[in-house]
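For the protein sequence lines, the chains are L and P, in the order given.
So in our numbering, spot 129 of the first sequence is number 129, and the numbers just go up one at a time.
Position in the second sequence (from 1) plus 299 gives the number in our numbering.
Derived by calculation from the structure, the hints in this document are not laboratory data.
Honestly, I wouldn't trust all of these hints.
[Claimed, not checked] Below, a list of computed lysine to any residue pairs in the SDA-like style, where the Cα atoms sit at most 25 Å apart:
no.	chain 1	residue 1	chain 2	residue 2
1	P	384	L	86
2	P	415	L	122
3	L	186	L	160
4	P	384	L	297
5	P	415	L	274
6	L	186	L	297
7	P	415	L	272
8	P	415	L	220
9	P	384	L	85
10	P	384	L	293
11	P	384	P	486
12	P	384	L	299
13	P	415	L	269
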Amino acid sequence: MNYLLHLLIYLNIYVIVALGLNIIVGYCGRLSLAQAGYFAIGSYAYALASVKLHWGFLPAVALGAGLAALLSLAISLPSWRLKGDFFVMVSLAVQVVILSAIYNWYRPDAQLGTWLNLTNGPAGISGIPRPDIFGIKFDTIGSLAMLATVTAGICLTLGALLLRSPWGRVLQAMRDDELAARGLGKDVRLLKLQAFAIACALIAVGGAIYGAYVNFTDPSIASLDQSVLMLCMVIIGGMGNFRGPLAGALTLLALPELLRFLNIPIALAAEVRLMAYGLLLVLMMHFRPQGLLGSYRIE
Amino acid sequence: MQVAVNGLITGLTIAVLALGFTVTYLPTRVFHVALGGVFTIVPFVAWACLSIGCPWYLVVAAAAVTGVSLSFACEAFNHRYLERKAASAGVHLVSSLGLYIIIVQIITLIWGNQPKVLRVGVDTIFNVGGLVLTRAQVLAVVSSTILLIAFYAWLRLSNLGLQFRAMSDNPTEMSLRGYSVVRLRLLSFSISGLLATVSGLVFALDIGFDSRGGLTMLLLAVVAMIIGGRQSFWGPLIGGVLLGVARAEVAWFLSASWQEAATFILLAIFLLIRPNGIMGQKYRLEAEA
Chain L
1 MNYLLHLLIY LNIYVIVALG LNIIVGYCGR LSLAQAGYFA IGSYAYALAS VKLHWGFLPA
61 VALGAGLAAL LSLAISLPSW RLKGDFFVMV SLAVQVVILS AIYNWYRPDA QLGTWLNLTN
121 GPAGISGIPR PDIFGIKFDT IGSLAMLATV TAGICLTLGA LLLRSPWGRV LQAMRDDELA
181 ARGLGKDVRL LKLQAFAIAC ALIAVGGAIY GAYVNFTDPS IASLDQSVLM LCMVIIGGMG
241 NFRGPLAGAL TLLALPELLR FLNIPIALAA EVRLMAYGLL LVLMMHFRPQ GLLGSYRIE
Chain P
300 MQVAVNGLIT GLTIAVLALG FTVTYLPTRV FHVALGGVFT IVPFVAWACL SIGCPWYLVV
360 AAAAVTGVSL SFACEAFNHR YLERKAASAG VHLVSSLGLY IIIVQIITLI WGNQPKVLRV
420 GVDTIFNVGG LVLTRAQVLA VVSSTILLIA FYAWLRLSNL GLQFRAMSDN PTEMSLRGYS
480 VVRLRLLSFS ISGLLATVSG LVFALDIGFD SRGGLTMLLL AVVAMIIGGR QSFWGPLIGG
540 VLLGVARAEV AWFLSASWQE AATFILLAIF LLIRPNGIMG QKYRLEAEA
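Sequences and hints are given; from them, build the entire structure.
Laid out in structure tokens, this is it:
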């Protein structure tokens with residue numbers, strides 16, 4: 001039972017991240033590699049706010065999301081002019097800078113949480129307290145799963161409302177033909193700023209829940225491999241609509257469970273799982289470039 | 300001075316890899332991520348050959364055959380079919396990323412993910428005019444220079460090199476004039492496999508290798524290409540050398556952990572101010588799409 005709840009929490013985290021990333025990849029039409037950086041920003045902001053400032057769950061998550069939305073300028077401003085391979089490289093640059101900042105923003109002799117030592121470097125931040133909202137502690141795995149599900153539910157509802165609204169339709173119009181959208185008098189620059197900010201904030205919320213659940217955060221969650229995995233999730237699940245990211249999150253979760261039935265030794269499981277991802281990416285590009293349930297093909 | 304020379308030598312290996320990337324990117328427009336996989340697998344093959352006691356020329360030959368055939372296979376079994384479906388650049392990129400993941404995981408399954416070294420013990424040291432050079436560095440300079448000269452001579456002087464340059468200008472017109480683009484594409488993937496092989500071997504000999512660093516190294520090479528200018532075959536060389544020196548100076552004056560950040564900040568500056576790179580001609584980015 002506990003194991004199922006554990007899976008449920010991870011599913012919720014993946015769903016939130018996939019939903020956010022889908023706005024960048026599927027609705028803005030830009031392949032990005034920066035997502036793990038924003039995930040880590042959410043996670044670190046949550047950790048610092050709850051460990052050092054003793055903030056509750058809601059303000060700490062809001063801090064992470066707000067910070068990520070602000071820092072999303074680093075990828076949304078370049079997206080005014082760049083697309084394709086160039087944008088991939090810029091997002092990679094952002095990811096690398098965030099990762100180096102997390103690694104280097106610390107001094108062994110300074111106390112954690114001061115301006116000299118914000119991230120505790122390679123050791124990461126441990127002992128993140130369990131979330132509490134208005135005095136209610138969420139310290140069993142059941143209550144944590146409930147919290148994660150409710151958060152994911154809220155994110156999904158907001159996402160669905162946004163993407164079906166006129167705003168979402170203009171976003172799709174911009175993705176399909178930016179020049180035409182501009183010609184119709186839509187402010188595509190503002191639109192990109194908004195879309196990237198919302199996407200990065202969502203990804204940061206996922207990161208915050210992750211930090212709250214595992215009680216620990218370290219620089220490895222901001223690595224390039226993580227970015228690639230998140231991208232795989234969205235591409236395999238499908239881009240440009242609402243079902244796709246859900247399918248991607250489910251696939252990401254179901255794949256290791258399926259491999260478990262094949263009796264692969266534990267030591268090899270991680271490699272085989274990643275290899276299955278690579279294989280899925282290659283096959284998907286040949287036979288279904290829009291992903292399992294997607295409706296948009298990458299340019 | 301010593302720092303700059305060390306950077307110059309690392310830059311030369313980056314330049315060779317960047318050239319390998321450019322050789323496929325310019326004529327075929329494929330973002331060849333799997334080249335990072337070639338860069339990663341080659342030292343492992345060499346290491347395996349060394350451990351069963353092969354002489355060095357056999358080791359190099361085995362590594363080269365692996366690298367070239369792997370890169371060849373990427374085109375022959377994957378990108379060729381995607382191209383036939385008129386797939387977009389993003390689709391090529393993602394499927395190449397998939398290939399990279401598969402290659403790296405196979406390496407990890409066979410050889411594990413511990414860092415390894417190709418040579419044992421301390422390297423022999425030469426003193427050249429007040430500079431200290433290791434044997435691995437001398438080897439790096441010699442082999443990279445020979446390879447670069449051979450490549451540029453081939454590109455300039457041979458008929459095939461001329462076709463190659465024409466194709467990177469305009470592949471569609473090239474095929475309309477009756478040249479076999481399919482054959483040239485296979486050739487370009489093979490050449491980039493060879494260049495990545497040399498770069499991978501030299502880098503592993505100097506610093507050591509593991510199964511993880513390939514993608515970072517490849518992206519570094521792409522940065523070198525963008526800085527240098529991507530319409531010209533000379534761009535990656537200039538960009539690579541510049542990047543190598545800049546990285547070495549950052550490591551010397553700041554700290555090695557800021558190297559990556561400095562690299563990518565340099566990239567961001569270039570994309571903002573001079574998106575066509577040092578050697579690039581002027582054109583609008585939108586015109587590319």
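Tested hints:
With a CA separation close to 24 Å, the supplied pair residue 384 of chain P and residue 86 of chain L stays within the 25 Å bound. Restraint check for residue 415 of chain P and residue 122 of chain L: the C-alpha separation of about 23 Å stays at or below 25 Å, so the hint holds. The suggested pairing of residue 186 of chain L with residue 160 of chain L holds, with an alpha-carbon distance near 22 Å, which does not exceed 25 Å. Pair hint residue 384 of chain P plus residue 297 of chain L holds up; C-alpha atoms about 13 Å apart against a cutoff of 25 Å.
Between residue 415 of chain P and residue 274 of chain L the CA atoms are separated by roughly 22 Å; this keeps the pair inside 25 Å, and the hint holds. Note on residue 186 of chain L and residue 297 of chain L: the hinted pairing holds, with a Cα-Cα distance of about 23 Å set against a maximum of 25 Å. For the hint pairing residue 415 of chain P with residue 272 of chain L, the CA-to-CA distance comes to about 22 Å; that is within 25 Å, so the pair holds. With a C-alpha separation of about 22 Å, the suggested pair residue 415 of chain P and residue 220 of chain L falls inside the 25 Å cut-off, and the hint holds.
Restraint check for residue 384 of chain P and residue 85 of chain L: the C-alpha separation of about 20 Å stays at or below 25 Å, so the hint holds. Distance hint between residue 384 of chain P and residue 293 of chain L is fulfilled; the C-alpha atoms sit about 20 Å from each other, no more than 25 Å. Proximity of residue 384 of chain P to residue 486 of chain P is assessed by CA-CA distance (about 21 Å); at most 25 Å being required, the pair is judged to hold. A threshold of 25 Å between alpha carbons decides the hint, and for residue 384 of chain P with residue 299 of chain L the separation of about 13 Å falls inside it, so the pair holds.
The suggested pairing of residue 415 of chain P with residue 269 of chain L holds, with an alpha-carbon distance near 23 Å, which does not exceed 25 Å.
Hint check: no violations occur; every hint is consistent with the structure.
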